[in-house]
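**Q** Sequence:
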Amino acid sequence: MNDPIADMLTRIRNSSLRGKSTVVTPASKLRAWVLDVLADEGYIRGYEKTTGADGHPALEISLKYYEGEPVIRELKRVSKPGRRVYMAVNDIPVVRQGLGVSIVSTSKGVMSDASARSQNVGGEVLCTVF
1 MNDPIADMLT RIRNSSLRGK STVVTPASKL RAWVLDVLAD EGYIRGYEKT TGADGHPALE
61 ISLKYYEGEP VIRELKRVSK PGRRVYMAVN DIPVVRQGLG VSIVSTSKGV MSDASARSQN
121 VGGEVLCTVF
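By the count of my numbering, the sequence shown reaches residue 130 at its end, each step adding exactly one.
Simulated from the structure, these hints should not be mistaken for lab results. Keep in mind that a hint or two might mislead.
Claimed, not checked - Simulated DEER-style distance windows between Cβ atoms:
#1 Y66 x A32: 16 to 26 Å
#2 N90 x K49: 32 to 42 Å
#3 P57 x D91: 28 to 38 Å
#4 R18 x A53: 16 to 26 Å
#5 G55 x R11: 17 to 27 Å
#6 Y86 x D54: 28 to 38 Å
#7 A32 x G55: 12 to 22 Å
What the hints assert, rightly or not - Dumping the calculated PhoX-like pairs for lysine-lysine here, alpha-carbon to alpha-carbon at most 25 Å:
#8 K80 x K29
#9 K29 x K108
#10 K64 x K49
#11 K108 x K49
#12 K20 x K108
#13 K64 x K29
#14 K76 x K108
#15 K29 x K49
#16 K64 x K20
#17 K64 x K76
#18 K20 x K49
#19 K108 x K80
#20 K29 x K76
C-beta: ideal position from N, C-alpha, C; glycine also.
I would like the entire structure built from these sequences, with the hints used as guidance.
**A** The following block contains the structure:
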């Protein structure tokens with residue numbers, strides 16, 4: 001698999017559109033950091049570390065719904081392995097006029113766009129969520 005973050009985002013997107021309550025994805029530190037930001041921003045209920053059916057570590061993500069509709073309406077990968085997207089703190093995009101969130105990988109860790117602006121750091125824009 002060339003892009004594990006895109007794989008995780010696709011699993012979340014597909015599961016939420018099907019109305020599933022949980023989704024399982026292989027575990028990694030970067031995936032867990034992205035899930036931490038999603039949980040802090042209120043897009044997922046949370047996640048826990050488990051062991052997958054194949055015996056490898058996995059993350060079980062609890063999806064969040066509001067009045068029967070998924071909270072995550074749009075989930076897009078911005079920086080890809082073939083085209084990395086790095087932005088300075090002033091260039092980090094505002095998603096849907098502030099209603100959405102950009103997840104940025106910075107030298108101070110993976111954080112939301114608002115946290116990156118408050119700490120005055122730029123970095124690689126991993127994805128946008130609305």
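**Q** Each hint needs a verdict: does it hold in this structure or not?
**A** Hint check:
1. Y66 x A32: 16 to 26 Å: holds (24 Å)
2. N90 x K49: 32 to 42 Å: holds (36 Å)
3. P57 x D91: 28 to 38 Å: holds (35 Å)
4. R18 x A53: 16 to 26 Å: holds (19 Å)
5. G55 x R11: 17 to 27 Å: For R11 against G55, whose Cβ atoms are near 19 Å apart, the range 17 to 27 Å holds.
6. Y86 x D54: 28 to 38 Å: holds (35 Å)
7. A32 x G55: 12 to 22 Å: holds (19 Å)
8. K80 x K29: Holds - the C-alpha atoms of K29 and K80 are around 18 Å apart, at most 25 Å.
9. K29 x K108: Given that 25 Å is the threshold and the Cα spacing comes to 15 Å, the pair holds.
10. K64 x K49: Distance of about 18 Å is within 25 Å: holds.
11. K108 x K49: holds (24 Å)
12. K20 x K108: violated (33 Å)
13. K64 x K29: holds (22 Å)
14. K76 x K108: OK: K76 and K108 at ~23 Å, within 25 Å.
15. K29 x K49: Roughly 11 Å between the alpha carbons, so the hint for K29 and K49 holds.
16. K64 x K20: holds (10 Å)
17. K64 x K76: holds (18 Å)
18. K20 x K49: holds (18 Å)
19. K108 x K80: holds (21 Å)
20. K29 x K76: Answer holds: K29 to K76 is near 20 Å, not above 25 Å.
In this structure, the one hint that does not hold is number 12.
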